[in-house]
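Working from the sequences, and respecting the hints, build out all of it.
Protein chains in written order, with the working numbering: chain A, 4 to 347; chain B, 4 to 347.
These aren't lab readings, by the way, just hints derived from the structure by calculation.
Cβ coordinates follow ideal geometry from the N, Cα and C atoms, glycine included.
Here's a subset of chain B near chain A, in silico, CB distances under 8 Å, partners left out:
{"id": "1", "residue": "K28"}
{"id": "2", "residue": "P161"}
{"id": "3", "residue": "S169"}
{"id": "4", "residue": "A171"}
{"id": "5", "residue": "G172"}
{"id": "6", "residue": "M316"}
{"id": "7", "residue": "V319"}
{"id": "8", "residue": "T320"}
{"id": "9", "residue": "G323"}
{"id": "10", "residue": "R329"}
Cross-link-like lysine to aspartate or glutamate pairs, in silico, EDC-like; alpha carbons within 16 Å at most:
{"id": "11", "chain 1": "B", "residue 1": "K244", "chain 2": "B", "residue 2": "D287"}
{"id": "12", "chain 1": "B", "residue 1": "K244", "chain 2": "B", "residue 2": "E105"}
{"id": "13", "chain 1": "B", "residue 1": "K5", "chain 2": "B", "residue 2": "E41"}
{"id": "14", "chain 1": "B", "residue 1": "K34", "chain 2": "A", "residue 2": "D238"}
{"id": "15", "chain 1": "A", "residue 1": "K244", "chain 2": "A", "residue 2": "E105"}
{"id": "16", "chain 1": "A", "residue 1": "K34", "chain 2": "B", "residue 2": "D238"}
Chain residues, written in single-letter form:
2 protein chains.
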Amino acid sequence: MKRAALVLTGFGNVGRVFFSLLREKADDIQKRYGLALETMAVARAEGCFYSGGPLEGRHVSRGGEPWTKGNPSWREGFRATDVIAELGPGGCLVECTISNLETGEPGMSYISSAFHGGWNAVAASKGALVVGLPALRALAAENGVFLKFSAATAAALPTLDVGLVSLAGARIEGIQGILNGTSNCILTRMGEGLDYTEALREAQDKGIAEPDPAADVGGWDSAAKILLITNTCLDSTYVLKDVHVRGITGISVDFVQSARREGRAVKLLATAAPGRQGVRWSLDVRPSLVEASHPLVHVNGTEKGITFLTDSMGSVTLTGGRSSPRGAAAALLKDIINIYRPPF
Amino acid sequence: MKRAALVLTGFGNVGRVFFSLLREKADDIQKRYGLALETMAVARAEGCFYSGGPLEGRHVSRGGEPWTKGNPSWREGFRATDVIAELGPGGCLVECTISNLETGEPGMSYISSAFHGGWNAVAASKGALVVGLPALRALAAENGVFLKFSAATAAALPTLDVGLVSLAGARIEGIQGILNGTSNCILTRMGEGLDYTEALREAQDKGIAEPDPAADVGGWDSAAKILLITNTCLDSTYVLKDVHVRGITGISVDFVQSARREGRAVKLLATAAPGRQGVRWSLDVRPSLVEASHPLVHVNGTEKGITFLTDSMGSVTLTGGRSSPRGAAAALLKDIINIYRPPF
Chain A
4 MKRAALVLTG
14 FGNVGRVFFS
24 LLREKADDIQ
34 KRYGLALETM
44 AVARAEGCFY
54 SGGPLEGRHV
64 SRGGEPWTKG
74 NPSWREGFRA
84 TDVIAELGPG
94 GCLVECTISN
104 LETGEPGMSY
114 ISSAFHGGWN
124 AVAASKGALV
134 VGLPALRALA
144 AENGVFLKFS
154 AATAAALPTL
164 DVGLVSLAGA
174 RIEGIQGILN
184 GTSNCILTRM
194 GEGLDYTEAL
204 REAQDKGIAE
214 PDPAADVGGW
224 DSAAKILLIT
234 NTCLDSTYVL
244 KDVHVRGITG
254 ISVDFVQSAR
264 REGRAVKLLA
274 TAAPGRQGVR
284 WSLDVRPSLV
294 EASHPLVHVN
304 GTEKGITFLT
314 DSMGSVTLTG
324 GRSSPRGAAA
334 ALLKDIINIY
344 RPPF
Chain B
4 MKRAALVLTG
14 FGNVGRVFFS
24 LLREKADDIQ
34 KRYGLALETM
44 AVARAEGCFY
54 SGGPLEGRHV
64 SRGGEPWTKG
74 NPSWREGFRA
84 TDVIAELGPG
94 GCLVECTISN
104 LETGEPGMSY
114 ISSAFHGGWN
124 AVAASKGALV
134 VGLPALRALA
144 AENGVFLKFS
154 AATAAALPTL
164 DVGLVSLAGA
174 RIEGIQGILN
184 GTSNCILTRM
194 GEGLDYTEAL
204 REAQDKGIAE
214 PDPAADVGGW
224 DSAAKILLIT
234 NTCLDSTYVL
244 KDVHVRGITG
254 ISVDFVQSAR
264 REGRAVKLLA
274 TAAPGRQGVR
284 WSLDVRPSLV
294 EASHPLVHVN
304 GTEKGITFLT
314 DSMGSVTLTG
324 GRSSPRGAAA
334 ALLKDIINIY
344 RPPF
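Written as C-alpha cells, this is what we have:
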C-alpha cells in the first residue's frame with residue numbers, strides 16, 4: 004500500500020465535494036490502485052484544519068458548515084505551506100480556490116510553494132494556469148513533481164487525457180469545443196423558444212448560471228479552457244490576450260431559432276486552428292452556426308464536448324461528463340490516482 | 004534520447020501501414036517524446052526481414068510488394084524470438100498477424116515469447132487477447148513488461164485509455180458501443196433505402212466489408228471488442244462464450260427504415276451491464292433500437308462510438324477515430340509511445 008498525503012486549498016463547492024468524494028471512494032481506491040489517499044489538511048484564507056492525522060468530516064464541519072471557532076482541529080493563521088513543510092515531500096496539493104484570471108492568485112502561490120516543497124499539484128482553479136502555465140511546468144520539472152489540471156479543462160470530460168495520452172504520436176490539426184455548460188444551456192433553451200433574458204434567468208434560478216454570469220456568457224471561461232487545452236496538447240505558450248473572445252450576451256433569438264429550424268444549431272464554439280504555414284495558431288471563442296453533420300451539433304443543455312482533428316487518427320470527439328462540483332471533484336481524484344498509481 | 008527496438012509480426016495491411024507510418028513520424032516522435040523507435044525486424048510465417056540495423060523500406064519491399072527471394076535482409080526460417088534473443092530485453096513486439104479467435108495463434112506464441120524475452124508487446128490482433136488475456140497479463144507482470152492493445156479495441160477510438168486513465172477512480176456502471184464499422188455502415192445505408200444484400204455488396208465493392216463478412220456482420224468482431232474492453236476496464240475474466248451474440252445478417256429493411264422515420268436508429272450495439280446485485284455482468288451484441296436522445300444515435304457510416312456510464316463522472320461518450328489500417332497503425336504507435344515516454 005502506497006500512502007499519499009493531500010492538502011486541500013479552498014473549501015467552496017468543489018473543495019467540499021472533493022473532501023467527501025474521497026472518503027466515499029477510499030476503500031475502492033485502496034483495492035483497485037493500492038493507494039491510501041489521506042487529506043491531512045484543508046487550508047482556507049484564515050487558517051487550516053489540521054490535526055496531524057487524516058481528516059474526517061467531524062474535524063472540519065458541524066451541521067454541514069465549516070467549523071472553526073472552538074474546533075481543536077482548526078489552526079488559525081497556519082498555512083498550507085506550513086503543513087507541507089511539516090509533512091515533508093511527496094504529497095499532493097489539491098487546488099480548489101477561486102482564483103483570479105489576471106493575477107493567478109491565490110492558486111499561483113499555493114502551487115508554487117507546493118512544488119518548492121516537493122509536492123505534486125492538481126488544480127480545479129484556472130487562474131494560476133492561465134497566467135503562468137509555462138513557468139509552473141518548468142518549476143514542476145525542476146522539482147521532479149507533477150502538475151495536472153483536468154478539473155480546470157472541462158472536468159469530467161477528459162480533454163487533456165485524450166489530447167496527451169490517446170492522441171500520442173498523432174499531429175493535432177485543430178480543436179473545437181463546447182466548453183462552457185452554462186452558455187450551452189442558455190443557447191439550447193433559446194432554441195426551444197426562450198429569449199436570452201428568459202433563458203439566463205431560468206439558468207440562474209436553477210443554480211446553473213452564477214448570479215454574476217459574465218465569465219460564462221462573456222466567453223471567458225471557454226477562452227481560459229481552450230487556451231489551457233491548446234497550450235498543453237501543443238506544448239505552446241499562448242496567453243489569454245491571444246484568444247479572440249465573443250460571448251453570447253444578448254444574442255438574438257431569431258438567429259438561434261432559425262438555425263434550429265434548418266437542423267443546424269448555434270453553439271458557443273471555442274476553436275484552435277493553425278494559421279497559414281501552420282506556425283501561429285488562432286484561438287477564438289464565438290457563437291457559431293454549426294451544421295447538422297458537425298460532431299458537436301447534438302451537445303445540448305449543460306453538456307460539453309470537444310473534437311480533435313488529427314492527421315493519423317481522423318477526428319475524435321468526446322461528449323458528456325458530469326457538469327457539477329461532483330464531476331470536477333471526480334476529475335481531481337482521477338488526476339491524483341494517475342500521478343501515484345503504478346505504470347500499467 | 005531513449006532508443007527502443009521494435010519487432011513487427013505480421014505484414015498484412017496493418018503491419019505495412021504501421022511500418023511506413025513509423026518512418027513518416029520518426030522525427031516528430033524524437034522531438035516530442037525523446038524516443039527513437041526502430042523497427043529491427045519484420046517477421047512473417049516463413050522468416051524475417053532482419054539486417055542487424057533499423058529497417059528501411061528498401062530492405063523489405065520492391066515495387067510495393069514484400070521482397071524475399073534474393074534479398075540480403077531476408078532470413079528464411081529465422082523467427083521473431085531469434086531476433087529478440089539476439090537483441091536482448093527492453094524492446095517492443097508489434098503484433099499484427101491475423102490471429103484465430105479460438106486458438107489465439109499465432110499471436111499467443113509471439114506475445115508469450117516476447118514477454119519471456121523481457122519485451123513489451125502492443126497488439127492489433129485480437130485472438131491471443133480473447134483467448135488468454137488474464138494469463139498474458141500475469142506473464143507480463145511476472146516479466147516486468149507491458150501489454151497494450153488499443154489497436155484491437157476500436158483502434159483510433161480511444162476506448163481503453165478513457166476507461167483506464169480518464170475514468171480512474173470512477174465506478175463504471177455500464178458500457179455501450181458501436182464497435183464495428185462495417186456493420187454500422189451497412190445499417191446506415193439500409194436506413195437510406197438499400198436492402199441488406201445491396202448494402203453488404205456495396206460495402207464489399209468499396210473494400211469496407213471483407214469478401215467473407217461473417218466476423219463483422221455476425222457480431223463476433225464486436226463481441227471480441229466488448230469482451231476485451233470490459234475485462235480490461237473492470238479487471239474481470241469473462242470469456243467469449245459469456246457474450247450473447249446476434250449479428251445483423253439478413254436484418255429487415257422495414258425495421259431499420261421505420262426506426263429512421265421516427266428519428267430513431269437501429270445500431271449493432273455491444274453492451275456490458277451489471278446483473279442483479281451488480282456481481283456478474285451481462286455482455287451482449289445485438290441489433291438494437293436506439294432512441295433519438297441516445298448519445299450514439301448519430302454515429303453513422305464506418306464511424307464507431309462508445310459510451311461509459313459512471314457513478315461520479317456521469318456518462319462519457321467518444322465517437323470518431325479513423326476506421327482504417329492507418330487508424331489501427333496510429334493506435335499501435337500511440338501505445339508504444341505511452342510505454343516508453345517519461346511520466347508526465
